[in-house]
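Trainee: Listed in order, the protein sequences are those of chains L and U. Oh and the first sequence: position 219 is 219 in full-length UniProt numbering, straight run, nothing missing. Oh and the second sequence: position 102 is 102 in full-length UniProt numbering, straight run, nothing missing.
Because the hints were derived from the structure by calculation, they are not lab data. Each hint should be verified, as a subset may be incorrect.
[As the list claims (entries may be wrong)] Under the rule of at most 30 Å between Cα atoms (straight-line distance), these lysine-lysine pairs were calculated in the DSBU-like manner:
# : chain 1 : residue 1 : chain 2 : residue 2
1 : L       : Lys129    : U       : Lys148
2 : U       : Lys245    : L       : Lys129
3 : U       : Lys137    : U       : Lys245
4 : L       : Lys280    : U       : Lys245
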Amino acid sequence: MSDTSPTARSAVRKTYKLYIGGAFPRSESGRSYPVTAPGGEFIANAAQASRKDARDAVRAARAAQPGWAKATAYNRGQVLYRVAEMLEERRDQFAQQIASVEGGPLDAAHAQVDASVDRWVWYAGWSDKLSQVLGAANPVAGPYWNISSPEPTGVVALLAPATPTLLGLTSVIAPAIVGGNTVVAVAPDACAVPAVTLGEVMATSDLPGGVVNLLTGSTAELAPWLASHLDVNALDLAGVAAGSDLARELEVAAAENLKRVVRPRAAQDWSADPGLGRMKPFLETKTVWHPIGI
Amino acid sequence: MSLFEYAPAPESRSVVDLKPSYGLFVDGEFADGSAGTFKSVNPATEEVLAEVALADAADVDRAVAAARRAYDEVWSRLPGRERAKYLFRIARIIQERARELAVLESLDNGKPIRESRDVDIPLAAAHFFYYAGWADKLPHANLGPDPKPLGVAGQVIPWNFPLLMLAWKVAPALACGNTVVLKPAETTPLTALLFAEICQQADLPPGVVNILTGAGATGAALVAHPGVDKVAFTGSTEVGRQIAKQVAGTSKKVTLELGGKAANLVFDDAPLEQAIEGIVDGIFFNQGHVCCAGSRLLVQESVAEEVVDRLRERMRTLRVGDPLDKNTDIGAINSAEQLARIRTLTEAGEAEGATRWSPPCELPERGFFFAPTVFTGVSQAHRIAREEIFGPVLSVLTFRTPAEAVEKANNTAYGLSAGVWTDKGSRILWLAQRMRAGVVWANTFNRFDPTSPFGGYKESGYGREGGRHGLEAYLDV
Numbered sequence: 001m002s003d004t005s006p007t008a009r010s011a012v013r014k015t016y017k018l019y020i021g022g023a024f025p026r027s028e029s030g031r032s033y034p035v036t037a038p039g040g041e042f043i044a045n046a047a048q049a050s051r052k053d054a055r056d057a058v059r060a061a062r063a064a065q066p067g068w069a070k071a072t073a074y075n076r077g078q079v080l081y082r083v084a085e086m087l088e089e090r091r092d093q094f095a096q097q098i099a100s101v102e103g104g105p106l107d108a109a110h111a112q113v114d115a116s117v118d119r120w121v122w123y124a125g126w127s128d129k130l131s132q133v134l135g136a137a138n139p140v141a142g143p144y145w146n147i148s149s150p151e152p153t154g155v156v157a158l159l160a161p162a163t164p165t166l167l168g169l170t171s172v173i174a175p176a177i178v179g180g181n182t183v184v185a186v187a188p189d190a191c192a193v194p195a196v197t198l199g200e201v202m203a204t205s206d207l208p209g210g211v212v213n214l215l216t217g218s219t220a221e222l223a224p225w226l227a228s229h230l231d232v233n234a235l236d237l238a239g240v241a242a243g244s245d246l247a248r249e250l251e252v253a254a255a256e257n258l259k260r261v262v263r264p265r266a267a268q269d270w271s272a273d274p275g276l277g278r279m280k281p282f283l284e285t286k287t288v289w290h291p292i293g294i
Numbered sequence: 001m002s003l004f005e006y007a008p009a010p011e012s013r014s015v016v017d018l019k020p021s022y023g024l025f026v027d028g029e030f031a032d033g034s035a036g037t038f039k040s041v042n043p044a045t046e047e048v049l050a051e052v053a054l055a056d057a058a059d060v061d062r063a064v065a066a067a068r069r070a071y072d073e074v075w076s077r078l079p080g081r082e083r084a085k086y087l088f089r090i091a092r093i094i095q096e097r098a099r100e101l102a103v104l105e106s107l108d109n110g111k112p113i114r115e116s117r118d119v120d121i122p123l124a125a126a127h128f129f130y131y132a133g134w135a136d137k138l139p140h141a142n143l144g145p146d147p148k149p150l151g152v153a154g155q156v157i158p159w160n161f162p163l164l165m166l167a168w169k170v171a172p173a174l175a176c177g178n179t180v181v182l183k184p185a186e187t188t189p190l191t192a193l194l195f196a197e198i199c200q201q202a203d204l205p206p207g208v209v210n211i212l213t214g215a216g217a218t219g220a221a222l223v224a225h226p227g228v229d230k231v232a233f234t235g236s237t238e239v240g241r242q243i244a245k246q247v248a249g250t251s252k253k254v255t256l257e258l259g260g261k262a263a264n265l266v267f268d269d270a271p272l273e274q275a276i277e278g279i280v281d282g283i284f285f286n287q288g289h290v291c292c293a294g295s296r297l298l299v300q301e302s303v304a305e306e307v308v309d310r311l312r313e314r315m316r317t318l319r320v321g322d323p324l325d326k327n328t329d330i331g332a333i334n335s336a337e338q339l340a341r342i343r344t345l346t347e348a349g350e351a352e353g354a355t356r357w358s359p360p361c362e363l364p365e366r367g368f369f370f371a372p373t374v375f376t377g378v379s380q381a382h383r384i385a386r387e388e389i390f391g392p393v394l395s396v397l398t399f400r401t402p403a404e405a406v407e408k409a410n411n412t413a414y415g416l417s418a419g420v421w422t423d424k425g426s427r428i429l430w431l432a433q434r435m436r437a438g439v440v441w442a443n444t445f446n447r448f449d450p451t452s453p454f455g456g457y458k459e460s461g462y463g464r465e466g467g468r469h470g471l472e473a474y475l476d477v
């Protein structure tokens, strides 16, 4: 209900846009969709990303990938930690947004923000440990130096779960980027509201533009284009129902260029300890040989 | 000009006792297949070596059921240290019967006895020995606190390293507590059947290893079988793609080791003597039937002429012919079909404008042979620079700067291996970092070891075989 008295001040509302290549463009399609609370109340209009937006996002992710992979692990870790810092500072804003789009008590929303902040911190610390934990010095039977180390697979398309909004997004984005990949994440439906705000956090966290690209809209519409895109190296199906036709169709499309696919789980508990399960699928093992001699 | 006259030094084939026909190996016994037989041919002479049972869907059913039974009742219950002993036994028997296996491999596959004797068979034994040691140490593999086997593995392997690829598949699967149904390639089933005998000699419990001979349809039925928990495939990218589509939407774990078009980079400061040997080893080893073959030679422009001249000189000394002759460097092409594919692609190379050269060499009248061939003046768009030829055919391209070398090396849908030749250490590491490939050989090429993970980036597949990393393909972690 707006206050129409002469002394009242109307709020300046935010336009919810996409986050591509470090900028916040509208959908090139000009489309938007209303984000509503579980009770049906209007919250905002979000940009409804199109196939063209998805392609632009992949291009931005590809362009940003070599630079991000080349950044030192220490640097990547600090950037992820900076995301946690920025997120913490906006704790109340996120809690309110989560409560409004997901429903439920504000306490639970605060707990979700806290879990998300903690998860960014957890993944931040992994950046300079992955090579040590996942790599190996291999004792080959001959005069050769032989080392295996993890490397990013490249551009990863992520289908974020509809809920929990912020924790779900965090749980798919952070593990993919910590090892040097860049991502295009689809934030479905009402997830758009915290997703765009998370984009603002990233834009102010020294994360190079294009490392994370956020598309808001419909997973069913965008996922097939990302699954079949030949410049995408991997696909996380977190946001698709396990056992669904869509999950199978996307995996089939992904096979065209042998994308690495993370299949959806029937009962995914996003608050559980994530382990290495979402980092490893997006890391390749490279083994280098060199003769030893004088 | 050679110093010594050449005299043939043929390995005796009497060490191999070939039976006229072989059945399928299911549940510890040999049995006839349901779909008749097919013949395995010696590619060097075109003589029929043996008749082999052709497995169909009903046989796949039987084999998967046997593997499941063995998994549930025996193998998954055995402590790791006991599984290990069987694998150590198998490694030892492979060593004991190495000469027989080497001759049989060369007969069935066409590869030079020097390679089957010195590479294929010793590495197969080493692979079993290596993974045997892991069987009781899996919780220490740093893959997770409580690693568990997956169940029944369906494994489909290619014809280029028949017994070695079997070892790459069977050894880690068994070490991790899985049972297997393995389909060897249609043209090279014989060492796998001899391996079945080895399993019997080792008293491996029935059903732990099952071997189904057959062609593409047999492999497809195995991959699609609902009782299979894990699919492991080595072969072409085309078939790998089909498999990835086939298993979509299931809970089957998959590893794919597919094609390649490796770049072998030679810089102007490279030790050229060694580089030439590496180039030859990279593309002519195993007739070029190697997924990680160095089939694209990228030479720095300033030394391109010298490298090509020296390469041609070296190629003149390569002996092509009888695989059982210990002097032979390049044996027979594995099949008439593969020979036809090599011919098609080399003809395309000429038609597209590249310059073809082979040393003068007399090829045997019978059998499938192809002279070592090098193409110069190749552009990145040529089919011979893009498609996997899987034969003794090298495409030479040039570059000026390291950045251009990286750009060209990575300009491929594949990403299995790469080679780098330069004397400068920092440049080796700089290049190794930028190669989008699972294995980088610096100042060497085509080196393999059971402890060293192997597998591709991009369309060369996913998953790793070998080393600690190779365990993960067969474990639920």
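Trainee: List in ascending order the numbers of the hints, as given earlier, that are violated by the structure.
Mentor: 2, 3
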